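Put the complex together from the two separate chains, hints included.
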Amino acid sequence: MTRHIVCAARDLPPGARKLVHLEGRPILVLNVKGEFHALLNICPHQGASLAGGILTGLVESGEPGDYRYSREGEILRCPWHGWEFDVKTGKSWCKPSRIRLKDYPVAVESGGALVEGPYVAETFPVSIDDDYVVVEVATARVAERGAAGG
Amino acid sequence: MNMNVAPGRVEAETRNVRLIADCDIHPTPNTTRDLYPWLDQRWRTHIETFGALRRQGVQQGPAYPKSQPDAARRDAWPEGGRPGSRLDFMQKQHLDANRVALGVLTTISPHPGAYQNPEMSAAFCRAVNEWQKAEWTAKDTRLKGSILVPYEHGDLAAAEIAHWAGDEDFVQILLLSRTVEPMGQRRYWPLYQAAQEAKLPIGVHAFGNGAHPITSSGWPSFYIEEMTGHAQTCQSQITSLVLEGVFERFPGLRIVVIEGGFAWLPPLAWRLDTHWTKLRAETPHLKRKPSEYIRDHVWITTQPMEEPQSRQHILDIFEWIGWDRLLFASDYPHWDFDDPARCLPIAISEDQAQRFFLDNALKLYGVDPAKAAAATLAA
Numbered sequence: 580m581t582r583h584i585v586c587a588a589r590d591l592p593p594g595a596r597k598l599v600h601l602e603g604r605p606i607l608v609l610n611v612k613g614e615f616h617a618l619l620n621i622c623p624h625q626g627a628s629l630a631g632g633i634l635t636g637l638v639e640s641g642e643p644g645d646y647r648y649s650r651e652g653e654i655l656r657c658p659w660h661g662w663e664f665d666v667k668t669g670k671s672w673c674k675p676s677r678i679r680l681k682d683y684p685v686a687v688e689s690g691g692a693l694v695e696g697p698y699v700a701e702t703f704p705v706s707i708d709d710d711y712v713v714v715e716v717a718t719a720r721v722a723e724r725g726a727a728g729g
Numbered sequence: 005m006n007m008n009v010a011p012g013r014v015e016a017e018t019r020n021v022r023l024i025a026d027c028d029i030h031p032t033p034n035t036t037r038d039l040y041p042w043l044d045q046r047w048r049t050h051i052e053t054f055g056a057l058r059r060q061g062v063q064q065g066p067a068y069p070k071s072q073p074d075a076a077r078r079d080a081w082p083e084g085g086r087p088g089s090r091l092d093f094m095q096k097q098h099l100d101a102n103r104v105a106l107g108v109l110t111t112i113s114p115h116p117g118a119y120q121n122p123e124m125s126a127a128f129c130r131a132v133n134e135w136q137k138a139e140w141t142a143k144d145t146r147l148k149g150s151i152l153v154p155y156e157h158g159d160l161a162a163a164e165i166a167h168w169a170g171d172e173d174f175v176q177i178l179l180l181s182r183t184v185e186p187m188g189q190r191r192y193w194p195l196y197q198a199a200q201e202a203k204l205p206i207g208v209h210a211f212g213n214g215a216h217p218i219t220s221s222g223w224p225s226f227y228i229e230e231m232t233g234h235a236q237t238c239q240s241q242i243t244s245l246v247l248e249g250v251f252e253r254f255p256g257l258r259i260v261v262i263e264g265g266f267a268w269l270p271p272l273a274w275r276l277d278t279h280w281t282k283l284r285a286e287t288p289h290l291k292r293k294p295s296e297y298i299r300d301h302v303w304i305t306t307q308p309m310e311e312p313q314s315r316q317h318i319l320d321i322f323e324w325i326g327w328d329r330l331l332f333a334s335d336y337p338h339w340d341f342d343d344p345a346r347c348l349p350i351a352i353s354e355d356q357a358q359r360f361f362l363d364n365a366l367k368l369y370g371v372d373p374a375k376a377a378a379a380t381l382a383a
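If you're matching them up, the sequences are chains A and B in order.
Add 579 to a position in the first sequence, counting from 1, and you land on the number used in our numbering.
Add 4 to a position in the second sequence, counting from 1, and you land on the number used in our numbering.
Next up, chain B with everything else stripped away, as it sits in the complex (with noise of 0.2 Å):
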């Protein structure tokens, strides 16, 4: 009989062979008075004393309890503060780990861009991004940040964007996928002409309270139905843009769908283009067939994917999509995180696998591949 001790260890400190970017990552500040530096005594008073105003039935929160404490995985606390909020922990679990060459922050917790009172929405948006440079993408040249923007107010969202234009550390704006109003209305404009003017993407994150119901029959009773509902959101935003002329109009917005599934994307196109052949005289301000704004104008990040039970599925949708169009991200330090040593179901070629890993995802954010090595390797 052969016995052996059984003391524990620490898990290997890298996980993953090649460098990636994650397009999905969440920071967020412990309470609102992390932002306090950046804020007026005004808008400090103002929320002490009002709160915040969103535009859904409950103050405080979403409708939907998520699944896990703070929607984060169980094991990305950090020390006396919430998931997200410290970026040495971020870097030893995530970063370092799985050699993560570029993060792009997305801040939605919170994200004030739908705050109803405008000047409210704007200047914690301001204060969001001000703590997104000073505390995360001037610490870690790994990390580079979203535009929070006053999304619902086109004019100050334009303002916005103008304001932060140029600077490196910021490589996309961001909004939240449930609008007031479908996304290609004429009162979001104003900031997708910024967006083209500042050569920046727009991500759409999954989420926000536009005070309608999260589906389009009404309040579910489940988060699950919200997660799922994601899905609808995204395709009626796209829909939206596409139709209403926006890709027309500004030939050089990109959009990136984040945070909200994919393989209803093909039949999407497909549905839209059928219609638009029986239908076109309606919207005589497109000249291509809608599929053809989608292929252009849309990429989309991978997590959560969709997991059918014949993995080859997920290949078919990518081929449909164009692996130039694909990014990863893990949504770290969400519950439903991507593992990108174990997210893909199936083998994919070398060269797929570096564009879906890093090189997409550099380009669309006009990140040198060179400054993202050199940031890796200083970390």
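Next comes chain A alone, as it looks inside the complex (with noise of 0.2 Å):
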């Protein structure tokens, strides 16, 4: 696993994302509600960036003509196909169990915890006194590509 700073937290406040590539895959951070998610950013349906998908709530209904709207914010919509999916888990809301997004460990951890790594200072000139978002990722492999026709 390798550990990637995505950027100083004060960067990414509540409602902002941030598409980043990580060891060859792209990554959305996203923070909601001041809460930090990362997710593969490729929609497992049919490969959309999600990037350019609208943050929404949830729509949910006991019986026709009854519904409500709840968790504002925490609904991740495919810009194409409008699949729903959970940031907190990535789990799409239709078929949750065999359409998610893939997601990553995020923390948020100190300038002055980071630049105790042996590389930071050569890659990245941080400032100490901020908090940095930080993203966990297995180490490169040959990024997978589709073809037409299979």
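Derived from the structure by calculation, the hints contain no laboratory data.
Note that the structure is a prediction, hence the values are computed from the model and not measured.
Any given hint could turn out to be false.
[What the hints assert, rightly or not] Looking from chain B toward chain A, a few residues come up when the C-beta cut is under 8 Å (computed):
1. ARG77
2. PHE341
3. CYS347
Cβ atoms here follow ideal geometry from the backbone N, Cα and C, with glycine treated the same way.
Put into structure tokens, the structure is as follows:
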């Protein structure tokens, strides 16, 4: 596993998102109400980039004619076909067991802790009094790419 | 602990390994004013004074709100315009990225073919056709237009087809699927006569406003019912074309069902054949089983593709329809876009893929493969 600094925490306020490429994978990092989440930015349905989707809420109903709206800002809708994903779990709403987004561990760590690593000083000019968003990703493999006609 | 900085980067430029034909691409003028260069002052004044009367109760736009703004992919909005309104954006996001060698334009927003005023319908169809040529096909030779026609007015539609016949920038005639009467009826025959003479297939794209409820049992409540209802419309249109004897009368006619689904086609043919063996005497003008007319005269575009639990079912349906009758379509830039790199649920052979993604369309639309390849290289 490799840990990557994505940005300073203050640069990703609640409701904001940032698309990064880590170990050959596109990863979307989101701040939902102060909680950070990192998801593979490939819709498992047909491959759209989820970064262009809207964060919305969940419409639920116990019976026709009755509805409630909840979890505002916690559901990411694919910009193409509208699949709804729970940002907290990566699961799709309609097929949670079969269609789900891969999620990655995210942490917010202080600059003071980060500069202790041996490689940081060379690659990233941190100011150590900030907090940073850090995503942990398995080390790179060959990136998969779909091809028409399989 | 290994720490890396993580800069963003753009997606790889090419996503697709093969050249493809995309048989359903939607260009859109930003506003009606974009069509003014090809409209007489008489019609400019008319639309600003009276507006466009469509065949439905609401005057502005469709009866059902779409699931995404402008029914478009949320990532398909170019700077300062509507999805499908800018060629350079479409080239970058779709034509180049997906290696589109032939892109068939299907302008449906607007498609003035069903305007109630016949002369207005004809004038606006002509303007959209001129616009397609000036703004799209002349600027990118990968793109070919579809001739919009005032399809509710057979003679006017025939005149529009005759006007463009032989122009290599146009490869088919385009109707919307919800017509005022079933498509086999005689009011539409002049259109079919002209299409046969021009040797152009007729694309029938889902949507339109025929003034009737969009399901056979009335007006539904939800957009999802409209989406699903397109299949009903296409079934009734094919049924009518077959049973009214249109394919018998116009043996050169080729129909392309666009965006209406297709999994319903085999059972429709089975049902028609079953009834025909018992009711043949009612329609003695038919010389063959209904399914034979369908196999000979109907092509289908595969977007949106039904997504069954068992993916093998899609292949079974492809087999019945025939690998020479299937056309890939993306529906770019609309929200239910099919990605050519991801749309097929299951692996197919190289020969099947070559036909499905490219060869069938080149043959149907009469586009020379060498020219299509050259257009791709030039882009």
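Structure-based check of each hint:
1. For the restraint placing ARG77 of chain B at the interface with chain A, the shortest Cβ-Cβ distance is roughly 5 Å, inside the 8 Å limit, so the hint holds.
2. With a cut of 8 Å, the hint placing PHE341 of chain B at the interface with chain A holds, because the nearest CB-to-CB distance is about 5 Å.
3. Among the interface hints, the one on CYS347 of chain B holds; its C-beta lies about 7 Å from the nearest C-beta in chain A, closer than the 8 Å criterion.
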